[in-house]
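Asks: Letter by letter, the chains look like this.
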Amino acid sequence: MVTTSDYAGLKPAWCPGCGNFGILNALNRALVEMKIEPHQVLLVSGIGQAGKLPHYTRGNVFNSLHGRPVPPAIGARIANSELIVIAVSGDGDAYGEGGNHFLHAARRNHDITYLVHNNQVYGLTKGQASPTSDVGFVTKTTPYGAASPVNPIALAIVSGASFVARGFAGDIDHLSHLIKKGITHRGFALIDILQPCVSFNHKNTFQWYRERVYNLEDERYDPSDKKAALEKALIWGEEIPIGIIYEEDLPVYEDQLPVLSDGPLVKQKIDSRRVEKLLAEFM
Amino acid sequence: MPVDFNFMVGGEAGQGVQSVGFLLAKVFARGGYHIFADQDYESRVRGGHNFFRVRVSDGKVDAIAEDVDILIALDRDSIELHQPNMVTQGIIIFDGEKIKGVSGNNGSLLSIPLEKLAEEKAGDKLMINTVALGAALSAVNYDLNMLNTVLVDRFGKGEVGDRNTAAAKAGYDYVQSERKGNFRKIKPLSEAKRMLLTGNEAISLGAIAAGCKFMAAYPMTPASSIMEYMAAKSKDLDLVMVHAEDEIAAINMAIGAAYAGVRAMTATSGSGLCLMVEGIGLAGITETPIVIIDGQRPGPAVGLPTRTEQGDLQFVLHAHHGDFPRAVLAPATIEDAFWVTTNAFNWAEKYQLPVIILTDQHLASSYATVDPLDLSQVTIDRGMLFSDKEDDPSEYMRHRVTKSGISPRAFPGLGKALVVTDCDEHDEEGHLTEDAGERTAQVQKRLRKLLSLKQEIGTPQRYGPKKAEITLIGWGSTYGAIHEAVDILRKEDASVNMLHLNELWPFPAEAVADAVSKARNSYVIENNATGQLARLIKAETGYDVSGRILKYDGRAFTPAYIAQAVKKEGR
Numbered sequence: 001m002v003t004t005s006d007y008a009g010l011k012p013a014w015c016p017g018c019g020n021f022g023i024l025n026a027l028n029r030a031l032v033e034m035k036i037e038p039h040q041v042l043l044v045s046g047i048g049q050a051g052k053l054p055h056y057t058r059g060n061v062f063n064s065l066h067g068r069p070v071p072p073a074i075g076a077r078i079a080n081s082e083l084i085v086i087a088v089s090g091d092g093d094a095y096g097e098g099g100n101h102f103l104h105a106a107r108r109n110h111d112i113t114y115l116v117h118n119n120q121v122y123g124l125t126k127g128q129a130s131p132t133s134d135v136g137f138v139t140k141t142t143p144y145g146a147a148s149p150v151n152p153i154a155l156a157i158v159s160g161a162s163f164v165a166r167g168f169a170g171d172i173d174h175l176s177h178l179i180k181k182g183i184t185h186r187g188f189a190l191i192d193i194l195q196p197c198v199s200f201n202h203k204n205t206f207q208w209y210r211e212r213v214y215n216l217e218d219e220r221y222d223p224s225d226k227k228a229a230l231e232k233a234l235i236w237g238e239e240i241p242i243g244i245i246y247e248e249d250l251p252v253y254e255d256q257l258p259v260l261s262d263g264p265l266v267k268q269k270i271d272s273r274r275v276e277k278l279l280a281e282f283m
Numbered sequence: 001m002p003v004d005f006n007f008m009v010g011g012e013a014g015q016g017v018q019s020v021g022f023l024l025a026k027v028f029a030r031g032g033y034h035i036f037a038d039q040d041y042e043s044r045v046r047g048g049h050n051f052f053r054v055r056v057s058d059g060k061v062d063a064i065a066e067d068v069d070i071l072i073a074l075d076r077d078s079i080e081l082h083q084p085n086m087v088t089q090g091i092i093i094f095d096g097e098k099i100k101g102v103s104g105n106n107g108s109l110l111s112i113p114l115e116k117l118a119e120e121k122a123g124d125k126l127m128i129n130t131v132a133l134g135a136a137l138s139a140v141n142y143d144l145n146m147l148n149t150v151l152v153d154r155f156g157k158g159e160v161g162d163r164n165t166a167a168a169k170a171g172y173d174y175v176q177s178e179r180k181g182n183f184r185k186i187k188p189l190s191e192a193k194r195m196l197l198t199g200n201e202a203i204s205l206g207a208i209a210a211g212c213k214f215m216a217a218y219p220m221t222p223a224s225s226i227m228e229y230m231a232a233k234s235k236d237l238d239l240v241m242v243h244a245e246d247e248i249a250a251i252n253m254a255i256g257a258a259y260a261g262v263r264a265m266t267a268t269s270g271s272g273l274c275l276m277v278e279g280i281g282l283a284g285i286t287e288t289p290i291v292i293i294d295g296q297r298p299g300p301a302v303g304l305p306t307r308t309e310q311g312d313l314q315f316v317l318h319a320h321h322g323d324f325p326r327a328v329l330a331p332a333t334i335e336d337a338f339w340v341t342t343n344a345f346n347w348a349e350k351y352q353l354p355v356i357i358l359t360d361q362h363l364a365s366s367y368a369t370v371d372p373l374d375l376s377q378v379t380i381d382r383g384m385l386f387s388d389k390e391d392d393p394s395e396y397m398r399h400r401v402t403k404s405g406i407s408p409r410a411f412p413g414l415g416k417a418l419v420v421t422d423c424d425e426h427d428e429e430g431h432l433t434e435d436a437g438e439r440t441a442q443v444q445k446r447l448r449k450l451l452s453l454k455q456e457i458g459t460p461q462r463y464g465p466k467k468a469e470i471t472l473i474g475w476g477s478t479y480g481a482i483h484e485a486v487d488i489l490r491k492e493d494a495s496v497n498m499l500h501l502n503e504l505w506p507f508p509a510e511a512v513a514d515a516v517s518k519a520r521n522s523y524v525i526e527n528n529a530t531g532q533l534a535r536l537i538k539a540e541t542g543y544d545v546s547g548r549i550l551k552y553d554g555r556a557f558t559p560a561y562i563a564q565a566v567k568k569e570g571r
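These protein sequence lines map, in sequence, to chains A and B.
Here my numbering is used: the first residue of the first sequence is 1, the next is one more, and so on.
Here my numbering is used: the first residue of the second sequence is 1, the next is one more, and so on.
Treat the hints with care, since some could be wrong.
Okay, the calculated beta carbon distance ranges per label pair [as the list claims (entries may be wrong)]:
no.	chain 1	residue 1	chain 2	residue 2	range
1	A	261	B	388	25 to 33 Å
2	A	274	B	454	28 to 36 Å
3	B	404	A	276	29 to 37 Å
4	A	273	B	143	28 to 36 Å
Since the hints were made in silico from the structure, they are not lab data.
By construction, the Cβ of each residue, glycine as well, lies at the ideal position given by its N, Cα and C atoms.
Take the sequences, apply the hints, and build the full model.
Replies: Structural data, given as structure tokens:
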């Protein structure tokens, strides 16, 4: 039996009250409820406060470079198709430094789950504006206010992601449910998570989000309707929808690789003699 | 009479220069000859001037020659540019009906109505290159049937094959009737079965033989054909090639796959490697084995995209910040490229570090004949692995500090052991740490791996007399040209030998120091502008070489060029 204690990792070095705790709890709860054992999971993170999350739970961990959790997650997922691969980023990691990987992982529809802790600010480097900071957000590096933010939800949908959701670190039950859905989904699953930063973002606080978020499951909404999903993706301000915004069955990159139908690559034997048949082609 | 004969095919991009060049090489390889062939092309899909040189010899050859015996000129530029290289008895094959007013002293001009024959005999005027191919073989009285077999192999037995054999026959017959076979005769030697392949094909075969199951790359000349070959063979040979969105993704994907337990590689050229630099350090600190192919071309930046250089040596030795071990290899020949690659995968996994293979456009796209590779000689050594059955998985620590610095690898998901690693400095378990003691222990542990790796480095290759007044020192793809330059100089009674390195890091300092200190004159021969090996020798042995013979015009060395330059240095 898998219990919460199986996922007891190192003591987090996050600020007290950080939104990351909610995300960590939601992830652990999802894994326990899905009866997944830590050795079946691979957590690939980048750099930023979010990137530390894998150390604070248990599992296989590849803590990668800034902006780069997605490419090694893809490589590992292809190498061992039995691993449950979860990439973890912050907003700077995913949408700034790693923007290109984000677009193309969505486009190719790799079978990984991508948790993005979106606190609309840089935490690790202490309070600079991020790609998702609201317009006019004044920081030491943006004295005249931040420029227009990227819209990760809309970007993911138009890039071809097959599962696009938004969660809130202040609603652990709902977030945990989303993470379970994301893991179960076959294909690229983005979960952008509203994560208050108690130290550097005094605008987008728990209170601020609580007053605005509403659950899409509480209204009649069909996440398979791409046009409707794009409309939802554009809503930001007085109201912020959370939940599964878009979901569709699309061809999965890994399913198109003929070799993976013979089982995980890592379990396939090396046999140099198989090259013999290639040599004749050069005679 | 010994055979050392040189063909050249010249023309615009899109005229089939590469195709004729390859077929020429193939037909003589089938006839038991040794081949070395190189390609000179511009960065354009149509037009410009490209050429393909095929050296045919009855002895082993690893370099190109400057002389041309038969030139197939598909355009006027080919005649004008290459006439100075024609030998006295040389022949220039061209279509006098299309290229008018050609005159010249060097080489006898052999005008053939290539286009007319292509249209009349093969029903396709685009087949002028195949007509010219038949004509060239006729001009040395080679076996037409052998060409037919090669054409059928290439184009199939159907209509395309028939038209090609008809076109070749038309060219062949035309020359026979016009010149009555009044040429030198080159007959097929034997049924010696050799492979004809490029450096990139040798690398690809080496990678597959070594059990590489994952490659991610982004297209870049001259490395693209590796990813294309791997993709083409992915279904039959059970491997995966991912065409990534950029080089950064490519190397990071390969690292992810290697971490998960499969042998993985990437391939690029210098400016692609610039983007990959962060991955080199990531592999270094996470101790993830990966093989990186750098097909060098002249830099900086985009430089000369389709040409050759050895300008990345100092770059790959230092690429990335911080101290960590790596290995750098540089294949000497096309055959060596196969063995170096198989070796690279073993070193990467045994020592858990990035291994960089430095090749270049010259080696990557040149063809050579190679005796069938003996696959029974390929060894697979995956290094120290952790076993769930023998050890307690709850005790597993990915970066355990050991005497050798090597920590047994476990693969995520294959057992109960949790495999934790981090690009931050980490403790033995792999969790990030800022502890001074842990940091020091991990740095030292990683660097200790280099000590064992050093023991694996072989002695650089020597050629020529043990003691000589002049020692020529080279690395990588210049092997063939330097080797032959030694022969040329020794025929002229010079006292000269060669020291050649195909393993550059860890540096074989003792052997090189010994050679440099004993030579009266030591010259590095390098395809770069500053003598990057000379600097490495100085840094690692304290010795200065006495001279540097450098070439950085984007073209490969020829043996004659080196011999000439050595004589000039001596004056």
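Asks: Which constraints among the numbered hints does this structure fail? Numbers only, ascending.
Replies: none
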